[in-house]
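Chains as they are written, first to last, in full-length UniProt numbering: chain F, 1 to 295; chain X, 1 to 295.
There could be a bad hint or two in this list.
Among chain X residues calculated to face chain F with C-beta under 10 Å, some are [said to hold, decoys possible]: (1) Glu-124; (2) Asp-145; (3) Lys-289.
Simulated pairs of lysine-lysine, BS3-like, Cα-Cα distance not exceeding 25 Å [claimed, not checked]: (4) X:Lys-196 with X:Lys-116; (5) X:Lys-256 with F:Lys-289; (6) F:Lys-212 with F:Lys-240; (7) X:Lys-116 with X:Lys-256; (8) F:Lys-212 with F:Lys-116; (9) X:Lys-212 with X:Lys-48; (10) X:Lys-289 with X:Lys-196; (11) X:Lys-289 with F:Lys-212; (12) F:Lys-215 with F:Lys-116; (13) X:Lys-196 with F:Lys-289; (14) X:Lys-48 with F:Lys-256; (15) X:Lys-289 with F:Lys-196; (16) F:Lys-196 with F:Lys-240; (17) F:Lys-289 with X:Lys-212; (18) F:Lys-215 with X:Lys-289; (19) F:Lys-289 with X:Lys-215.
By construction, these hints were calculated from the structure, which means they are not laboratory data.
Think of the CB as a built atom: it goes at the ideal place given N, C-alpha and C, for glycine as much as any other residue.
Protein chains: 2
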Amino acid sequence: MAKKKSEPAPTTAQALDAISFADALAVGPGFRLDELDPRATPAFPGAKTDGQAALAAGVDEISQLQERLYAQARAGASTQRLLLVVQGMDTSGKGGIMRHVVGLMDPQGVQITAFKAPTAQEKEHPFLWRIRRALPTPGYIGVFDRSQYEDVLIVRVRNLVPASTWSRRYNQINAFEKSAAKEGITTVKVMLHISKEEQCARLLERLDRPDKYWKYNPGDIDERARWEDYQVAYQAALEKTSTEIAPWYVVPADRKWYARLAVQRLVLEHLRVMNPQWPPADFDVETEKARLANS
Amino acid sequence: MAKKKSEPAPTTAQALDAISFADALAVGPGFRLDELDPRATPAFPGAKTDGQAALAAGVDEISQLQERLYAQARAGASTQRLLLVVQGMDTSGKGGIMRHVVGLMDPQGVQITAFKAPTAQEKEHPFLWRIRRALPTPGYIGVFDRSQYEDVLIVRVRNLVPASTWSRRYNQINAFEKSAAKEGITTVKVMLHISKEEQCARLLERLDRPDKYWKYNPGDIDERARWEDYQVAYQAALEKTSTEIAPWYVVPADRKWYARLAVQRLVLEHLRVMNPQWPPADFDVETEKARLANS
Numbered sequence: 001m002a003k004k005k006s007e008p009a010p011t012t013a014q015a016l017d018a019i020s021f022a023d024a025l026a027v028g029p030g031f032r033l034d035e036l037d038p039r040a041t042p043a044f045p046g047a048k049t050d051g052q053a054a055l056a057a058g059v060d061e062i063s064q065l066q067e068r069l070y071a072q073a074r075a076g077a078s079t080q081r082l083l084l085v086v087q088g089m090d091t092s093g094k095g096g097i098m099r100h101v102v103g104l105m106d107p108q109g110v111q112i113t114a115f116k117a118p119t120a121q122e123k124e125h126p127f128l129w130r131i132r133r134a135l136p137t138p139g140y141i142g143v144f145d146r147s148q149y150e151d152v153l154i155v156r157v158r159n160l161v162p163a164s165t166w167s168r169r170y171n172q173i174n175a176f177e178k179s180a181a182k183e184g185i186t187t188v189k190v191m192l193h194i195s196k197e198e199q200c201a202r203l204l205e206r207l208d209r210p211d212k213y214w215k216y217n218p219g220d221i222d223e224r225a226r227w228e229d230y231q232v233a234y235q236a237a238l239e240k241t242s243t244e245i246a247p248w249y250v251v252p253a254d255r256k257w258y259a260r261l262a263v264q265r266l267v268l269e270h271l272r273v274m275n276p277q278w279p280p281a282d283f284d285v286e287t288e289k290a291r292l293a294n295s
Numbered sequence: 001m002a003k004k005k006s007e008p009a010p011t012t013a014q015a016l017d018a019i020s021f022a023d024a025l026a027v028g029p030g031f032r033l034d035e036l037d038p039r040a041t042p043a044f045p046g047a048k049t050d051g052q053a054a055l056a057a058g059v060d061e062i063s064q065l066q067e068r069l070y071a072q073a074r075a076g077a078s079t080q081r082l083l084l085v086v087q088g089m090d091t092s093g094k095g096g097i098m099r100h101v102v103g104l105m106d107p108q109g110v111q112i113t114a115f116k117a118p119t120a121q122e123k124e125h126p127f128l129w130r131i132r133r134a135l136p137t138p139g140y141i142g143v144f145d146r147s148q149y150e151d152v153l154i155v156r157v158r159n160l161v162p163a164s165t166w167s168r169r170y171n172q173i174n175a176f177e178k179s180a181a182k183e184g185i186t187t188v189k190v191m192l193h194i195s196k197e198e199q200c201a202r203l204l205e206r207l208d209r210p211d212k213y214w215k216y217n218p219g220d221i222d223e224r225a226r227w228e229d230y231q232v233a234y235q236a237a238l239e240k241t242s243t244e245i246a247p248w249y250v251v252p253a254d255r256k257w258y259a260r261l262a263v264q265r266l267v268l269e270h271l272r273v274m275n276p277q278w279p280p281a282d283f284d285v286e287t288e289k290a291r292l293a294n295s
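Next comes chain F alone, as it looks inside the complex (with noise of 0.2 Å):
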């Protein structure tokens, strides 16, 4: 076992086969995203206190499986890590997984990078520059709140380039995707699938209670309004970027409670097939005792 350490683990949806949520989110051929009902809870029988529970109950294991991850890469025995990818509409949960899923981890693990509409500097880059740079370093679990997928989404339904330059990026995207699984990183994409409905309510908290103003922005309406392209956005990224490598999920988000655990879930499975491993020791274990004794 020691000597496949060093490897990253196979992370694709075949490994994962035995396991209810990744199963049940991954999107196979034939995915349709208008079929998928946001207020579905797949893989999860139970009601929302039942929910909120398994997602209590799910710390302990995944705060050892970080801790192990971790330490291995500190003692240089393995290049692991994992990145979340967390996308979806305008109020779909992002900054909830943020809180309420990634918050569950050890922060001294967890390196979050939310991303924005580029900077100058940013744009003077190909677009996947300040991806690469915020990519987790080993042992590390990073977590993108936006990510790559705005350059095939918001960029695709605003025009911001050409068409022959976005439609470039989903095999870009795939490389790239390719390239960082044999550094060691397993990629976890997931969409927040959210009703235009329950938008419009979310969106109305925030106009009714003052302390969530700082959380609206009027533009946010104008975004609503291309919520017909935005579907065809995703169904489109989707379709093109779910791979055997880096398969997405699509997590049905109108009830907080599952997607959060839903998530929570998916990084468990995952974390459970990369599988790290305490390190050995790089000292004589009794001669330090020894040492200690005398000290």
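Starting from the known structure of chain F, fit chain X onto it as the hints suggest.
Relative to chain F, chain X alone:
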């Protein structure tokens, strides 16, 4: 009130007079590290289970204050931010503070930096260069796992630079922290104070448990051999750099549960003094409701 928000709230020992942990743990004139019992639990009369319950009970208030801090900065209404500096001997529990105290905050609003021995690039710059680059941006809670104080602790004990150099650094640090305060940074400096006996027990645990080997380094025993020198260096740092604007707090840390509670409360008490506010809407709420209704 809106006018005041752009000015950082004062965070001095005086402003915190009414507050128990800050009051009980602040380093004032005549403070002697060797007179503080590392097993004491100042400002908290309860037992371990009470302390753990109190830690859990503090989460919601910190969470709300943290969100306000973040929100007001996002809205451009304030430059306030908090910097938690954590220092202590090996095994004093710095990692546990990150995991069990910082880990209870929203990770979207936290920036952790773990300072190791300076890299070649860092060595080409003045010692505060890498510190300045890691200061939290407005709205964030920055956390330093080790800090600029290593440059008057291990550097002094190990004679890594001439005495004429390190002896100037206390004033340089004070000037640096004063300037940080002017930019809106409230600095909370914590020393985790353990006994030499407790360190022995914790190192032994790392040598007894294969899941802890990765935390052990034979160099830890070399540093332990200089225990008294480190205590002298800490005493000097505490005396020379506990200022009105950035006081030190020494937290007895032989009991992990107490140290975690105390650090959480120190952060909480400072956030209360900072008193961040939800920013007002920068759009017309009724107009936006109408736009949403028509969307």
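Here is what the structure says about each hint:
The criterion of a C-beta within 10 Å of any C-beta in chain F is not met by X:Glu-124, whose closest approach is roughly 22 Å, and the hint is violated. For X:Asp-145, the shortest C-beta to C-beta distance to chain F is roughly 8 Å, which falls under 10 Å, so the interface hint holds. Annotation: X:Lys-289 was flagged as interfacial toward chain F, and the flag holds, the nearest CB pair being 5 Å apart, inside 10 Å. A C-alpha spacing of about 23 Å is found between X:Lys-196 and X:Lys-116, which places the hinted pair at or below 25 Å, so the restraint holds.
Taking the CA atoms of X:Lys-256 and F:Lys-289, the gap is about 23 Å. The hint holds against a cut of 25 Å. For the hint linking F:Lys-212 to F:Lys-240, the alpha-carbon distance of about 36 Å lies beyond 25 Å, and the restraint is violated. Simply put, X:Lys-116 and X:Lys-256 have alpha-carbon atoms about 23 Å apart, close enough for the 25 Å limit, and the pair holds. Simply put, F:Lys-212 and F:Lys-116 have alpha-carbon atoms about 20 Å apart, close enough for the 25 Å limit, and the pair holds.
Between X:Lys-212 and X:Lys-48 the alpha-carbon distance is near 24 Å, which keeps this suggested pair within the 25 Å criterion. Between X:Lys-289 and X:Lys-196 the CA atoms are separated by roughly 63 Å; this puts the pair beyond 25 Å, and the hint is violated. Restraint check: the Cα-Cα separation between X:Lys-289 and F:Lys-212 comes to about 14 Å, which is no more than 25 Å; the hinted pair holds. Between F:Lys-215 and F:Lys-116 the CA atoms are separated by roughly 14 Å; this keeps the pair inside 25 Å, and the hint holds.
Distance check on the hinted pair: X:Lys-196 and F:Lys-289 sit about 16 Å apart at the alpha-carbon level, within 25 Å; holds. Restraint check for X:Lys-48 and F:Lys-256: not satisfied, since their Cα atoms lie roughly 35 Å apart, outside the 25 Å limit. Between X:Lys-289 and F:Lys-196 the alpha-carbon distance is near 16 Å, which keeps this suggested pair within the 25 Å criterion. Of the pairs offered as hints, the one joining F:Lys-196 and F:Lys-240 holds, with about 24 Å between alpha carbons and a cut-off of 25 Å not exceeded.
Taken as a hint, the F:Lys-289 and X:Lys-212 pair is honoured in the structure, with Cα atoms around 14 Å apart against an allowance of 25 Å. For the given pair, F:Lys-215 sits about 14 Å from X:Lys-289 by alpha-carbon distance, which is consistent with the 25 Å threshold. The straight-line distance between the Cα atoms of F:Lys-289 and X:Lys-215 is roughly 14 Å, inside the 25 Å bound, and the hint therefore holds.
When the structure is compared with the earlier hints, violations turn up for hints 1, 6, 10, 14 and for no others.
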